[in-house]
Amino acid sequence: MIIGKSYTRVDAYDKATGRTKYTEDLCDKHALVAKIKHSNVAHAIVKSVDISEAEKIPGVVKVLTCFDAPEYLFPTAGHPWSTEESHQDICDRNVLTKHVRYYGDDVAAVVAEDEVAAKRAIEAIKVEYEVLPFVLDVQEAMKDGAPQIHEKYKNNVLAHTQIHKGNYEEAIKEPGLIKIDKWYNTQTVQHCHIENFICYAWEEGGRIHVTSSTQIPHVTRRCVAQALGVDWGRVRVVKPYIGGGFGNKQDALYEPLCAWLTTQVGGRLVKLDCQREETFANNRVRHAIRYHFISWVKPDGTLVARKVECFSNQGAYASHGHAICAKGLGSFPQLYPCENFEGDGWTVFTNRQVGGAMRGYGMPQATFAIEAHTEDICTELGLDPIAYRRKTVMPVGYVDAFSKNELYSDTFNQCLDAGMKYIDFERKREAYKNQTGDIRRGIGVSLLWYNTAVWPIALETSSCRMVMNQDGSIQLQVGETEIGQGADTAFSQMAAETLGIPFEKVHIVSCQDTDVTPFGTGAYASRQTYAAGMGIRGCAEAFKAHILDVAYRYTRMQSYLMDIVDGNIIRKTDGRVLMTLGELALTVLYDREHNEHLTMEKTAQLKTNAYSFGCCFAEVEVDIPMCQVKLLNIINVHDAGTLINPALAEAQVHGGMSMGIGYGLSEKMLYDAKTGKLLNGNLLDYKLSTMMDHPHLEAQFVENPEPTSAYGTKGLGEPPVNPVASAIRNAILNATGVAFDELPMRPHLLYEKFSQAGFFQD
Amino acid sequence: MSNQYKLVTCTINGKERSAMVDVRASLTDMLRNDYGLTSVKKGCEVGECGACAVIIDGECFNSCIYLAIWADGKNITTLEGLTHPDGTLSDIQQAFVDESAIQCGFCSPGFMIEAESFLQKGKIYTDDELRKLLSGHLCRCTGYENILRAVKKVMHKRAAESV
Amino acid sequence: MYDVEAIYEAKTVEEAIKLRQEHPKAVIIAGGSDVLIKIREGKLAGCELISIYGIDSIRGIRMEDDGTLRIGSLTSFSHITRNELIQKYINVLGEAVDKVGGPQIRAIGTIGGNTCNGVTSADSASTLMAWEAIIELTGPNGVRRVPIEKFYLGAGKVDIQPGEIQTGVLITKDSYENCKGHYIKYGMRNAMEIATTGCSVNVRLSPDKKVVERLRIGYGVAAPVPIRAHKTEAAFNGASVSMETANGIAKTVLEDVNPRDSWRASKSMRLHLCSVMAKRAFIEAVKLSGGEI
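Taken in sequence, the protein lines are chains G, Y and L. Here this note's numbering is used: position 688 in the first sequence is 688, and no number is missing along the way. Here this note's numbering is used: position 64 in the second sequence is 64, and no number is missing along the way. Here this note's numbering is used: position 258 in the third sequence is 258, and no number is missing along the way.
If you're looking for bench data, these hints aren't it; they were derived computationally from the structure. Some clues are possibly wrong.
[Said to hold, decoys possible] Covered stretches of chain G, going by a simulated chain Y footprint (3 or more residues, C-beta under 8 angstroms):
no.	region
1	15–29
2	479–485
[As the list claims (entries may be wrong)] Covered stretches of chain L, as calculated for chain G (at least 3 residues, CB under 8 angstroms):
no.	region
3	190–201
4	256–267
5	270–279
[Said to hold, decoys possible] Straight-line Cα separation of at most 20 angstroms, PhoX-like style, residue types lysine-lysine; simulated pairs:
no.	chain 1	residue 1	chain 2	residue 2
6	G	K173	G	K298
7	L	K88	L	K287
8	L	K210	L	K150
9	G	K182	G	K56
10	L	K88	Y	K74
11	G	K630	Y	K132
12	L	K150	L	K43
13	Y	K6	L	K231
14	L	K231	G	K126
15	Y	K132	Y	K152
16	G	K753	L	K267
17	L	K43	G	K677
Built from N, CA and C at the ideal position, the CB exists for glycine as well.
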């Protein structure tokens, strides 16, 4: 078995030597440099742009403004295209804008011979604005009279969806119910991949070529073509190794602008390299979502009725839009089924930077809210938080009517058991009762539920190509991208497993090039192993069948009598090796009678997807006077079905936990209320965890093979982030009795809440 | 400005090298552009992420906030200098590979070069000390867990060898 | 590539003074971890630089004949922490600068740069304040020595005259003898951090460890420049080594500090922390001195 073995990453050696080529490493060092003039107001109409001084700066090649930009509107979300117009992403972007919608919007650009000249020219551009009132808060933006950010959207509401189940109004009339009514707030955070966004573009052969640090080359190609108003085939996008993405690069970022810029300088090579400050201020962020939960429960905790409102702060442009808010909203009645449920989700434009995809896609927010709320119910009713969750969570056999996803195994209990055992939950919970003093400890839990991939909301597809070499090895190509998560290694294991060749005989083509890579929509939605797995298995099985048909010519054995095992054509009946795959490949390629290049290409369209499950336990020590939380212990337990590569799966979980810790305790983008400007857009002021901010991260697994999956596996990329903040929150509640309903639980918030709780009174 | 260049002569990965360098260049610029040393990564250019770290005269520095002209006369080691001439990996690199400490790979060179700067034969650090020694590098993929594991592994191996 | 108009390099103090006179508007760059960042963010873009990084004569730590500890201005934080004299006589300074940024920043950052940029959050500053360091400046007219409290003129402003460079940070024997201190840096994470506020406390106890003979408290980010808590010191010099004293210090420091509201932290929070830190750092300093609370 090759599946389930911890093979070394296929890219590990090159990355360990530093020779792996990322976008900047590939770009010719004589490329022209592009820089963007960002607005220093949050909402305005550009009246005029004076570029006369900028043009005089030596080394400046071209200065372009929003008045030069093409009028084509384009979308940026890394979603599959839809042939139905109503399902297409919203086109609300120009490469440069005359209507500034957030502080930092792109109003002009400079192309220069070097970075210093470009920067000086940007400083020399003078923009005259008609300044408009702006709004940063999501609920403020919905009010009548709030600044209108996009013409078509009344009260700035990009979308509003509802879920109705049963009869909420009737259900709450039942006597004896306890009402628990609370608000939960999540903050804006950024992906912070260590490689900033970068791309470069040039024209060649009458086409526009873009190399970009992207998760979604095929989608980006389409967005670039839309932005420039050219046929899709005239654009080529190449994706090399990328230094992390986490969803930010699941969006067309500045590829459309860079592609346009090259067309404005005669097709010369133009590099657009975001500074870290731009990655913070001008790329995408995780949506801040505010939740209002009203739960009606019986004294034993039975959930009778629930109403949830979600307010998602979209920022200035639609990007991934309502999908993120809707995903969270949709999760609530599934994770804790409730007969009488009413849910409303609003995604609202504000004059803040743009919310896009980020690892978890709305679920870190939703999980914080639902798992904090669940804990609050337990606290209010004096119920055991583990027992309560076991009783009320989605039961085995649950099927979602819309997606047809099913909970097949008793996974929640299995995950909880493993987590409790590791962290010694019951003993500690008892030990931490009735604490006094400045320093207190607590322990908390959160469940995790995640709906992976995008079917049936959107198209799910993955194409795979296998090309055999003369030695029996193959090149493997898929449109699903390696972004650091280890996808290439998992794909190689899958191909080797199904085709029957050694792992080492699979040469994955890591780089995606839309000219040659089979179509795939890229890395997102924790879909890589599940979706590409189907493409790979389908292709490998067809390829194997074809190879055995060809082998008949040389072995005289019927194909059904043969198999490929460990790179050999064997006769199944007695196990005899008839020839090696290398011998077959070489012979058939140079066969003067029946020459053939052995290749196979298949597309798998998916009409299923899968739930991913798990839980997190956290133990904290709270220094009350210092308003500090120290995370002492943490474990995530996941059921992601069969693990393709346990070592890499574990590593994925660590990374997600780390992101969750930052989300829970320290990360927050701060905006100036007076100007809308981002205040802490750099890696010093934005508090990404360092190695000193983490305890040991324990990752464990429960493997219940997913029945609908080609290899029994299902999504694991995003889920690890989701339950962490709520587990920490519940641990702090356990330690101090203070319920935090806002993220992050950074010292500022602790100071405020502990002051309110009277902890600092002498 | 009127172009100002300076001849910078230094030892890079064991070899003496010279180049006329724009005085405005950072050491990152020089190592990447003049010597093609792609392990030196640009993640923030203000000394906050550690992706550009190199060893200068035995100590680890962020090359992004180190002027190239200061490198004159210095002995510089980049990650490329750890790989043996025949392409085999040093113990630190191999440990990063074996312990799955590398994901996207962008921060990895900085961590490995930092570890090289403080892991001496026989010296044992506590976990907390190691975390502090590696705290000048940011990583978003690994949660640092396997990086710590890899560095510890090399530390113990080197300690055992020194006995 | 930094937007710099020109760079002049000095290898000796004399060369630096000459360059300072020839290019009065040029900015001095020591390790650069502050200046280069300001150039990149535009605040100093297009400036001229005088690099003093190559002046080896003002690098290193030694004890002078009268017992004064001399820290050359270009000594990096990492070298201060590792220095045996510092570890023996004023360990808290080594510990304080070991909390600056991360290891690579501590390798390039210098004590001279940390004081000359005049910022209140400098991790060395509260400790240097609390140990009454003397700043040595060398210029065309020779050497000038300024007590650190007078060296800070205002936020971002220090007393460096035209033609001068800072050449040393001195701590006298009277200041460090029989004295132990503790520094608390308050940050939002445990590394790569600028202090939200910081407090450095040192004490000299009576031989029987029952009385606080001398108490000195320095703060960073409790005012526009690093400060001493003089009122508190005056009130508790000679006080008993006790929890009462510790609690008294915690209360009284609120009369000394004057932090402001900013997006980094509220005034109210900083005041609260100033108090908690003073108490904790005092207790720790007493313990280090062999006292019991």
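Structure-based check of all given hints:
{"no.": "1", "hint": "15–29", "verdict": "holds (count 11)"}
{"no.": "2", "hint": "479–485", "verdict": "holds (count 3)"}
{"no.": "3", "hint": "190–201", "verdict": "holds (count 6)"}
{"no.": "4", "hint": "256–267", "verdict": "holds (count 4)"}
{"no.": "5", "hint": "270–279", "verdict": "holds (count 3)"}
{"no.": "6", "hint": "K173(G) / K298(G)", "verdict": "holds, 12 angstroms"}
{"no.": "7", "hint": "K88(L) / K287(L)", "verdict": "holds, 16 angstroms"}
{"no.": "8", "hint": "K210(L) / K150(L)", "verdict": "violated, 33 angstroms"}
{"no.": "9", "hint": "K182(G) / K56(G)", "verdict": "violated, 59 angstroms"}
{"no.": "10", "hint": "K88(L) / K74(Y)", "verdict": "violated, 31 angstroms"}
{"no.": "11", "hint": "K630(G) / K132(Y)", "verdict": "holds, 16 angstroms"}
{"no.": "12", "hint": "K150(L) / K43(L)", "verdict": "violated, 26 angstroms"}
{"no.": "13", "hint": "K6(Y) / K231(L)", "verdict": "violated, 54 angstroms"}
{"no.": "14", "hint": "K231(L) / K126(G)", "verdict": "violated, 52 angstroms"}
{"no.": "15", "hint": "K132(Y) / K152(Y)", "verdict": "holds, 13 angstroms"}
{"no.": "16", "hint": "K753(G) / K267(L)", "verdict": "holds, 16 angstroms"}
{"no.": "17", "hint": "K43(L) / K677(G)", "verdict": "holds, 18 angstroms"}
Violation of the numbered hints given earlier is confined to hints 8, 9, 10, 12, 13 and 14; the remaining hints are satisfied by the structure.
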